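**Student:** As a plain string of letters, each chain reads:
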Amino acid sequence: MATHNPTQKAPERETFKIPIGPQHPALKEPGHFEFAVDGETVTDATVRLGYVHRGIEKGVESRTWIQGQYLVERVCGICSHVHATTYCLAVEKLAGVEAPPRAQAIRSLVAELERIHSHMLWLGVAAHEAGFDMLFMYSWRDRETVMNLLEGITGNRVNYSANILGGVKCDITPEQDAAIRAGVDYLEERTRHYLDVVQNDTMFMRRTKNVGTMTREQAEQMGVVGPTARASGVPRDIRVDAPYAAYKDFPVNVITETAGDLHARFVVRVNELFETFRLIRAILDHLPEGDLQTRVKRKIPAGETIMRIEAPRGELFYYVKSAGGETPDRVKIRTPTLPNMASVLELAVGHQLADMPMILTGIDPCFSCNDRMITVRDTHSNQRDVWTWDQLRKYGMNAAQ
Amino acid sequence: MDINKTWQGVLDQVKTWARVNSPWAIHYNSGSCNGCDIEILATLTPRYDAERLGVKLEGSPRHADVLICTGPVTRQSRERLIRIYDQMPEPKFVIAVGACALSGGAFQGCYNIMGGIDEVIPVDVFVPGCPPRPEAIIDGVVKLLGQLQGGVSAEPVTLTEESVPAPQGVKPGLA
Numbered sequence: 054m055a056t057h058n059p060t061q062k063a064p065e066r067e068t069f070k071i072p073i074g075p076q077h078p079a080l081k082e083p084g085h086f087e088f089a090v091d092g093e094t095v096t097d098a099t100v101r102l103g104y105v106h107r108g109i110e111k112g113v114e115s116r117t118w119i120q121g122q123y124l125v126e127r128v129c130g131i132c133s134h135v136h137a138t139t140y141c142l143a144v145e146k147l148a149g150v151e152a153p154p155r156a157q158a159i160r161s162l163v164a165e166l167e168r169i170h171s172h173m174l175w176l177g178v179a180a181h182e183a184g185f186d187m188l189f190m191y192s193w194r195d196r197e198t199v200m201n202l203l204e205g206i207t208g209n210r211v212n213y214s215a216n217i218l219g220g221v222k223c224d225i226t227p228e229q230d231a232a233i234r235a236g237v238d239y240l241e242e243r244t245r246h247y248l249d250v251v252q253n254d255t256m257f258m259r260r261t262k263n264v265g266t267m268t269r270e271q272a273e274q275m276g277v278v279g280p281t282a283r284a285s286g287v288p289r290d291i292r293v294d295a296p297y298a299a300y301k302d303f304p305v306n307v308i309t310e311t312a313g314d315l316h317a318r319f320v321v322r323v324n325e326l327f328e329t330f331r332l333i334r335a336i337l338d339h340l341p342e343g344d345l346q347t348r349v350k351r352k353i354p355a356g357e358t359i360m361r362i363e364a365p366r367g368e369l370f371y372y373v374k375s376a377g378g379e380t381p382d383r384v385k386i387r388t389p390t391l392p393n394m395a396s397v398l399e400l401a402v403g404h405q406l407a408d409m410p411m412i413l414t415g416i417d418p419c420f421s422c423n424d425r426m427i428t429v430r431d432t433h434s435n436q437r438d439v440w441t442w443d444q445l446r447k448y449g450m451n452a453a454q
Numbered sequence: 344m345d346i347n348k349t350w351q352g353v354l355d356q357v358k359t360w361a362r363v364n365s366p367w368a369i370h371y372n373s374g375s376c377n378g379c380d381i382e383i384l385a386t387l388t389p390r391y392d393a394e395r396l397g398v399k400l401e402g403s404p405r406h407a408d409v410l411i412c413t414g415p416v417t418r419q420s421r422e423r424l425i426r427i428y429d430q431m432p433e434p435k436f437v438i439a440v441g442a443c444a445l446s447g448g449a450f451q452g453c454y455n456i457m458g459g460i461d462e463v464i465p466v467d468v469f470v471p472g473c474p475p476r477p478e479a480i481i482d483g484v485v486k487l488l489g490q491l492q493g494g495v496s497a498e499p500v501t502l503t504e505e506s507v508p509a510p511q512g513v514k515p516g517l518a
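Sequences listed follow chains D and S, in order.
For what it's worth, the numbering used here labels the leading residue of the first sequence as 54, then goes sequentially.
For what it's worth, the numbering used here labels the leading residue of the second sequence as 344, then goes sequentially.
Each hint should be verified, as a subset may be incorrect.
What the hints assert, rightly or not - Derived coverage of chain S by chain D (criterion: at least 3 residues anywhere in the stretch with Cβ under 8 Å from a Cβ of chain D; other residues may be distant):
id: 1; stretch: 378-392
id: 2; stretch: 468-479
What the hints assert, rightly or not - Distance windows between CB atoms, simulated:
id: 3; chain 1: S; residue 1: Asp429; chain 2: D; residue 2: Gly208; range: 36 to 42 Å
id: 4; chain 1: S; residue 1: Thr359; chain 2: D; residue 2: Gly378; range: 54 to 60 Å
id: 5; chain 1: D; residue 1: Asn263; chain 2: S; residue 2: Asp392; range: 31 to 37 Å
id: 6; chain 1: D; residue 1: Asp186; chain 2: S; residue 2: Val485; range: 22 to 28 Å
id: 7; chain 1: D; residue 1: Met256; chain 2: S; residue 2: Arg390; range: 24 to 30 Å
id: 8; chain 1: S; residue 1: Thr359; chain 2: D; residue 2: Arg334; range: 51 to 57 Å
id: 9; chain 1: S; residue 1: Arg390; chain 2: D; residue 2: Ala395; range: 34 to 40 Å
id: 10; chain 1: S; residue 1: Arg390; chain 2: D; residue 2: Gln346; range: 31 to 37 Å
id: 11; chain 1: S; residue 1: Thr359; chain 2: D; residue 2: Asp382; range: 55 to 61 Å
Worth flagging that the hints you see were computed from the coordinates, not collected in a lab.
Treat the numbers as computed from the prediction; the structure is a model and nothing was measured.
Positions of the beta carbon are idealized from the N, C-alpha and C atoms, including for glycine.
So here's chain S without its partners, still in its complex pose:
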């Protein structure tokens, strides 16, 4: 039995609603220095706590909506990155985190790198910084969710330095 067009539309709306409310993310390090990865992990821990926004880090690509990817893509991990991207169900979205994920960054000219995630797979949101602050990573996710609300991904977004909150300075004690 076919679902008619109206029902399909309603179903899509429900799907988008669910996806925007709780995007499941998978994280892959394609050769980064670890700096971005610990900041991504820091976004999940109590001070930034991205889980309160419904963002959940998921271990398997088959259950994930968003691929959060760091690193300049080394030649060794290129194949893996493509494989992980292929394993993700449609629709899928990619957030490239860090200067080297955008353009190769500090590693530009090294012989073993592809020079950016978008050389290998399509990217929806670029988050610059070496490494970007956790606030910037959360901002990237929020920008992506804004796009998702429209249905499908539109133009790639690059976050500017202005959209990143200013440093907080020295504040000892409880985080």
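The following block holds chain D by itself, in its conformation from the complex:
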């Protein structure tokens, strides 16, 4: 029986914390979120990442330059090609060689096909979060078309390994050319339907209009990248700002929206699909003739370089350092989800709890790309904290003694 304690004050208005994850039905990847709620309204949000941290950057250092490509490809299964391309371009820059024009064009072609696959995958998952499973099933059915094309070109549905250092290993035959055109025509027709759905479906509009609005100032301040930034009116696209591979010869039109809400993010991504279809046709029309590969030596000259690429989710950044040996000295990867994740925590405040999955998927998060940190946990006091550089240095020196 509860007794009344007169000295105990009535509790102040408590915040209720809802933990979500890392295993949860919404996303297929582990991430832990904590939402503080007042009623149904979210007042604070924190995220704990790192469940997918595998130690890839260190792993690359213990592999040869060629093996490294296959490991960075597995940073993320959805955008594996852009990871391999960035790595190859960076290593080629260090080695002082350039892949032949045909190889560069095929790299861009596969990257654009991958963008279709990634955006359609996202459209499905985001629709699923909105409770619109019909659109999920439709977009995933149509996505199989582009999976077929990728499989036809490279031999694998996911993690295609189209790149090798100094070029690509798959050619586009006339039959494949025809198949890609037919596939793209079919997808373009379907994408018109999706654009119609995301712009005109009343139920869908009510889930997306004026939800998670990010102004242009906010977007620039938080440094968000990719379609998330473009939906807020920031014309940021590496394919235009710093053209790589074949994008010098095949210019890209940047698609932007000004509203900055979830709806704008849907429209930007669907419109980007049309731009991608146009690019694929342009590349196929003017595919340069020539070799597919140039020779890259086993040892890469000492030096360091950076490489940036527009992944389906935004800017992907690689720093590669060579000490002149057969293995990389250091590879640093910064993926687009990292800057975008900060915006989720900011935008979550003030929204209904039910909107959280939508706001989260609005940035197209990819945890397997993202997880580059682990939390330091003191096993004695079980306290979790962030260490300063000095603390870490002292700890390291003590441990070394």
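Please build the complex by placing chain S on the supplied structure of chain D, with the hints as guidance.
**Tutor:** For chain S alone, kept in the frame of chain D given last:
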């Protein structure tokens, strides 16, 4: 009142029948690159449509019969994986999907991985491939159901490359 042995036997048969007809699966990514996860999701979407075989993806471990698990098990997710496995009701079965779930795969030697699901929890079916095709994942589920028909899980099964259907090549248009 006790249920006598005969009735218990009949009850078990009914349970097995129900379980084989409609296994509920839960999916956990223990640090994979996402490749296997999107292929698992693809098995549920119209072209492969595993739901027509009664396989349903379930959100809660407490309602699930089968744990479909991917990834080399990072040190961070190890605890979670064990917790999810513990929360599942008996009898429970585990399908490890992907090369890294089998042995660490491409990530072998990375400092933060345990190197395979069976290092942490018992596994019934191994599906190799990086990533395995959706057909292979469905084949893994079917192999598991074959085991289930016998009552309890027997020896672990590893699918061979031969049992996986050949690629279909380029076929544009409707999936």
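**Student:** Give a verdict on every hint.
**Tutor:** Verification of the hints:
no.: 1; hint: 378-392; result: holds (count 11)
no.: 2; hint: 468-479; result: holds (count 3)
no.: 3; hint: Asp429/S to Gly208/D: 36 to 42 Å; result: holds, 40 Å
no.: 4; hint: Thr359/S to Gly378/D: 54 to 60 Å; result: holds, 59 Å
no.: 5; hint: Asn263/D to Asp392/S: 31 to 37 Å; result: holds, 36 Å
no.: 6; hint: Asp186/D to Val485/S: 22 to 28 Å; result: holds, 25 Å
no.: 7; hint: Met256/D to Arg390/S: 24 to 30 Å; result: holds, 26 Å
no.: 8; hint: Thr359/S to Arg334/D: 51 to 57 Å; result: holds, 55 Å
no.: 9; hint: Arg390/S to Ala395/D: 34 to 40 Å; result: holds, 37 Å
no.: 10; hint: Arg390/S to Gln346/D: 31 to 37 Å; result: holds, 34 Å
no.: 11; hint: Thr359/S to Asp382/D: 55 to 61 Å; result: holds, 57 Å
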